[in-house]
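Now for the letters of each chain:
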Amino acid sequence: MNKKEKISPPKWALRFFRWFCNPDYVEDIEGDLLERFEKRANEQKSAKWLFVLDVLKLFRPGIIKPVFDGLRLNYYGMFKHNLLISIRSFKRYKTTFLINLLGLSTAFASVFLIHLWVDNERSVDAFNTNDKVLYRAMTHFQLPTKKVTWEYTSGRLAESMLEEYPEVIKSTRVNNKFFIPKGIVTANDRHQEVEGQFADPNIFSVLSYQMIIGDPTKAISDKQSVVISESLAKKLFESAQNAIGQTIQWNCSLFNQGFVVTGVYASPPKNATRQFDLMINYEVLIDADEWADHWKGGYAETYLVLSENTDINAFNKKIAHHIDEKIENDKFTLFLQKYSDRYLFGQFEDGKLVGGRISNVRLFTYIALFIILIAAINFINLSTAQASTKLKEIGVKKAMGSNRKQLVFQFLTESMLMSFLSIVGAIILVYAMLPYFNQLIDQTLSFTLLDNIPTIALTVVGLGLLAGLYPAFYLSSFRPISIMRGKLPSMSGEKWMRQGLVIAQFSLSVIFIIGMLVVNGQLNFIENKPLGYNRTNLLTFEGKGSDRVDPSILIAEIEKIPGVKNATSMAGPFLWGNDNGSGFHWNGDQANRNHLFKSPKIGFNTIETLELKLLAGRSFNRSFNDDRTKIIINESALQMMGLEEPIGFKLKYGDDEYREIIGVVEDFQYGSLHQPIEPLIFRFRGRGENYMVRIDAGAELRVIEEIEKLYNDVYPNFSFESQFLDDEYDQLYVSEQRIGSLSGYFALFAIIISSLGLLGLVTFTTERRIKEIGIRKVLGCSVTKIVLLLSSDFTKLVLLAILIAIPLSYLGVQEWLQNFAYHIDLEWWYFAVGAALALVIAWLIISTKTVKAATMNPVESLKDE
Amino acid sequence: MGKHQLGEFEEVVMLTVAILTDEAYGFAIIEEMEKRLNRKVSIGALQTVLRRLEKKGYLTSEMGEATAVRGGKRKRFFHLTSAGKNILQETKEQRLGLWNAVPEFVVKFSH
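Top to bottom, those sequences are chains S and P. Going by the numbering used here, 461 is the number at position 454 of the first sequence; the sequence numbering is gapless. Going by the numbering used here, 897 is the number at position 85 of the second sequence; the sequence numbering is gapless.
None of these hints come from the bench; they were simulated from the model. Note that this is a predicted model, so its numbers are computed, not measured. There may be inaccurate statements among the hints.
Claimed, not checked - Here are the simulated EDC-like cross-link-like pairs (lysine to aspartate or glutamate), alpha carbons at most 16 Å apart as the crow flies: (1) 189(S) / 200(S); (2) 46(S) / 843(P); (3) 18(S) / 45(S); (4) 885(P) / 296(S); (5) 230(S) / 170(S); (6) 230(S) / 294(S); (7) 536(S) / 733(S); (8) 572(S) / 615(S); (9) 242(S) / 200(S); (10) 242(S) / 202(S); (11) 46(S) / 846(P); (12) 867(P) / 31(S); (13) 904(P) / 823(P); (14) 885(P) / 31(S); (15) 46(S) / 844(P); (16) 333(S) / 300(S); (17) 230(S) / 297(S); (18) 897(P) / 823(P); (19) 885(P) / 45(S); (20) 345(S) / 158(S); (21) 536(S) / 734(S); (22) 885(P) / 34(S).
Said to hold, decoys possible - In silico negatives: residues of chain P with every beta carbon more than 12 Å from chain S: (23) 830; (24) 832; (25) 906; (26) 908; (27) 913.
Note that CB positions come from ideal geometry on N, CA and C, so glycine has one too.
Using the sequences and the hints given, assemble the complete structure.
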C-alpha cells in the first residue's frame, strides 16, 4: 500500500453484532471491539479477520439478547437431529445429492464470476469522491437527417459555464481523445514512449487523482510545468522523490519542448477510462493550435461539479442552447451526463440515450439469474420427487406428536445444508476458474472471500429458502393417517408443477443454444464478409514525433525491398472509419453543403495498395501531379449526386473552390460493420504518415525487419510498432467476440445444469416404475417399446419447451442483431438446430437410464415382495 | 444461599478488576490480563464472565462519559462489591489454607 488509509472493521460483522447482542450491552462492548480493532490495525494486517473472530466469539448465550423473555427453548437438540437426518439422506441418495451439489456449485460459481465482472463494470470511472455531483458536458449536433452525439466540446465551455450558472461550482477541461499528446519523453538519457493529457490546473480538485508529491493546486499552473505518474517517475528517475525539479524533454506530434516536473501523482486507478502518464497545462495545446480555445473548435472535454441539490433535468433544459448562443447557430444541444455514467450509458442515437455497455451488464445479470433459477428448479424437483421415500418418516414423526413447524424446520435445515455445501464447492470453483475467466475478459479481477461473506451468507439463506420452501411446506402437509395406510396423497398437482419446471428449464436451455448459434454465426459473418478491399498481408504503422517527415522517401525505399508489392501512406488510420467532411455541393444546390461525407485523406498508390476496385477514371498518380483539388468518390456518392458523367466533373467546395472527380471506386466497408456503407469522398493528402505496405505471403518476417531499419533512420528514438490490418479489423469486434465466448460458456453451464436435473428426474421415475417394467417384460413387452414408453413423457415436455423457446429466442436475437448495420438473416435452421440439439441432449440423458431399466432381467426387479 | 465457589477465570477477572480500581472496563481488563498472565483473552469470554459476576452480585458497573476515541462509544466501568471483596478474600484464604497443608517436600520435589 503506498498510502496509509484508515481501515475500518467489516461493516457486516459489526451489524451482525448489533443485531444479536443484548441491547443493554451493545454500547460498551462495541466500544471494546473498536478499541481493540484500532490497536490491532496499527500493528498487524489481519485485524479484520481477528475482528470477525471476536464478534463470532461474542455470539454466546450470556451476550445474545433473550429470544423470548423468560422462555428458554432448547432448539439445539432438534437442530442436531435434523442435521444428522440430512446427512443420512445425502448418503442414501448419492446420485441426487451429487446432482444437486454439482448443479448448485456450478450455478453459484457462474453467478459469482458474473457478479465480479458486473461489479467491475459498474465501478468504472466511479472512483471520484465527488462522483454524485460530477458531470461531463456533451452535445447533440443536428445533421440534415439525424442528430449525432459528441463528448467533445469547445475549450471555452468550462469557463463560461462556471461564470454564467450559479449551479456550477467547479469546472475544468482536458483535451478530447483525438488530441491525446503521444510521443517520447527523454530524461536522464532514458527514452520512454508516453501518452499524456492537457488539463486545466484545477484538475486535481475536480477529479480525484492522488498527488503523491507536490502541491496539487499549483502543480501545472504554468506552461513549463509537468506532473508525471508514479510509474513514469520510477522508469525515468528511479523514484518519485528524485523526479521533482528535474527537466524532461517531450517530443510529441504537437510540440517538442522541455518541462519541469512539479509533482508526481499515483497512476489513475485501473477502472478509470482515461489513463495518462503525464499531464501539462491546457494552454500548451492552445499554443500549438489556437482552435483549442475557440468556440468553433471541439478540442476539449469539459467536466463540471454541480452544487449538491441541482435538479439535473431542469438544469439540462436551462443550458440546452448555451453553445448556440455563443456561435449564433441552432444545431447544438448542450447537456450534462454524469461522469461515471458515460462508460455504461454511452450510446446515443439521434439525440436519445439508447444504452451502451449497460446492455451487456443486463444480459449477464439475466443469465446469472436464469442459471440460479435452473439449479434451484433441479433442487425443488428432486426433493419433491423424493417425497414418497420420505413419507413414512413424516408419518411416524407426525404420529409421535411432531408439529408442522418442526417438519418445515427439518426440511429447511436440509436445503440450507445443501446450499451451504454447494457454496463451498462454488468458492473452490471460482478460485480455480478465475485466472481463465480473467484471460477471457482481459481483466484482472480478484475474489476476496472476506469482503463477500455477507453476500455469500445471504445467498446460502436465500437459495436455501427458495429451494427448500416448497418441498418443506408440501411434504409437511400430508396427513399421517393416509400416509400410514400406504395411500399416497394425490400427486397430480405436484406432477404438474414438476413438469412445468422441467419445461421452464429446457426453454431456457433452448434459448441459450439458439442465442449461442446466432452470435457465433454473426461473428463468423463479420470475419469473412468481403469488405471490398484486401485486408490480408497488409502491414500498417505510423510515423511519430513532431518533425514533419516527407513520407514519399521512406515509401520509395520500402518499395525497393523484395517481397513488398505496394506501399503507401494516408492521413489517419484507415480503419478509424470516422474521417468526415462537408462543404461539397453540386448542381447549384446549396443544401448539399451540409451533407457530411465520409472522407478519408489518402496518398498516391493507396487505392492500389488496398486493392480497391476502380470502376471508372484513375487513382491519384504522381505523374499527373495530383493535389488537393482532385477527389475520388465511391459508388454510393455517385448515386447520391446522380451524375451522368462523373469523371472530370467539378464539385464546388466552400464558396470559391472546386474539387474535380478523377475516379470512381466500388463501394467498400469503411470502418466496422456497425456502420453502413455511406457516400464517401477520397481527399488527397501526400504527407499523411499512416503507412500501409502490402507484403507477399511468406516474406512477412524478413520484410518487417527491413522496414524497421528504414523506419529507425527516419524516426530516430521511436520504437517501430506495426500491425496487420486483419488483426486490427478483428480488434474492432473484440467486445462482441468476448460477449460471444462468455455467453457461450455460460450457456454451456446452463445446459449442463438442466441436463443434470433431467438425469436426476429420469433416474427417479424409472426407479419407481421398475416393477411395472418387470411385469411388462414378463408379459412379453419388447425392450424398444419400454424405452419409448419411458421416454415419451419427457419428450413431450422437451417439445413443449422448444415451442415456448423459439418465439422468445427469436425476439432476443433479432434485437441483438439490430446492433449491426450488416448482419446475417435469421434463418429457420438456427432454430431447428437449436431445437434438435436440445432434443438429442434430452434423449441421450433419458436413454442412459431407460435402456438400463428396460434391459434389466425382470427376475431382479420382481424378486422381492 | 448455598456457598458459591469462584472459578479460576472468574477469580482472575475479579482480581484484575481490583488491580485496575477505577479504570476497569472491558478492553483495559483484557490488556491487563494479557500483559500480566501472558494468555489470550477473547472479548466474548470476558464479557460473559463479567455479566455473570454482576448477576451474582460480586461486581457492579456504571457507564462512563463518551469520548472521541473508540467510535464515540461509552465505557462500562466495573467495581467490586463488598460481597465480591468477601469472596475474593475467602478464596484467597482457602488457597492459602491448602498451600499450608501441603507437606513442604512435595512442592520442592516438583521443582
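(request) Compare the structure with the hints numbered earlier in the document and write down the numbers of the violated ones, lowest to highest. (result) Violated hints: 4 and 5; rest satisfied.
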